[in-house]
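Numbering (the working numbering), first residue to last: 1 to 159.
Just so you know, these hints were derived from the structure itself, not from any lab.
Since the structure is predicted, the reported quantities are computational estimates derived from the model, not experimental observations.
Using N, Cα and C, we set each Cβ at its ideal position, and we do this for glycine too.
Check before you lean on any hint, since a few could be wrong.
Stated by the list, open to error - With a straight-line Cα cutoff of 27 Å, these simulated DSSO-like cross-link-like pairs (lysine-lysine) come out: (1) LYS12 x LYS149; (2) LYS73 x LYS126; (3) LYS149 x LYS23; (4) LYS23 x LYS146; (5) LYS139 x LYS149; (6) LYS95 x LYS12; (7) LYS154 x LYS18; (8) LYS126 x LYS23; (9) LYS139 x LYS126; (10) LYS154 x LYS139; (11) LYS18 x LYS39; (12) LYS139 x LYS73; (13) LYS149 x LYS18; (14) LYS154 x LYS73; (15) LYS126 x LYS146; (16) LYS146 x LYS12; (17) LYS39 x LYS146; (18) LYS23 x LYS73; (19) LYS31 x LYS146; (20) LYS18 x LYS126; (21) LYS149 x LYS39; (22) LYS73 x LYS149; (23) LYS73 x LYS12; (24) LYS146 x LYS18; (25) LYS12 x LYS154; (26) LYS73 x LYS146; (27) LYS31 x LYS73; (28) LYS39 x LYS95; (29) LYS126 x LYS154; (30) LYS39 x LYS73; (31) LYS31 x LYS18; (32) LYS73 x LYS18; (33) LYS31 x LYS12; (34) LYS23 x LYS12.
To be verified - Just the calculated beta-carbon pair ranges, DEER-fashion: (35) ASN97 x ASP124: 31 to 39 Å; (36) ARG3 x GLY98: 41 to 49 Å; (37) TRP129 x MET158: 17 to 25 Å; (38) ARG3 x MET158: 15 to 23 Å.
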Amino acid sequence: LNRPFNPDTIDKEQIVIKVYKSKYRLNVYHKGNLLTAYKCVFGPNCTQQKLQEGDRRTPEGTFTITDVRNHDKWQKFMLFDYPNEESRRNHEIAKENGLIPASARIGGMVGIHGIWQNGDNVIDMKHNWTDGCVAIKNKDVEELSKVIKPGITKIIIMP
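Just need the whole structure built from these sequences, with the hints factored in.
Printed below as a string of structure tokens:
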């Protein structure tokens, strides 16, 4: 965890993020090699696939980080392209199978972000509190944001 690296020596186009929900871990790969890893938490229903807005689940699948911005509550916010085509397909199948109401909306604004000031212990305790985002410690989100290239960086979220 938290292996040090110099962000100035990293080719941002060669970064891939893999999130393992069952391990509470966000791994950062550079050119296919593990660069570093961070502890992370999710929404309270973290073991399940996101199907609709408000279910507080973190989506699984492959996404692209589309934006990195400062956030007044969470230090940084790295938005990814949820819902994408795969998410929309899962949403429609859930409606067809009666798992969610026909009127359910898919939601959006899912990403990686930090935590409130002095809240790092919540990450350490594996307390799932988000509405479906991936939360990491503020020092970690600051470090991670330095190697992200919006529109290029992939994030793969697995159970």
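Open item on the list: Please list, smallest to largest, the hint numbers that this structure does not respect.
Closed with: Result: hints 6, 27 and 28 break, sorted rising.
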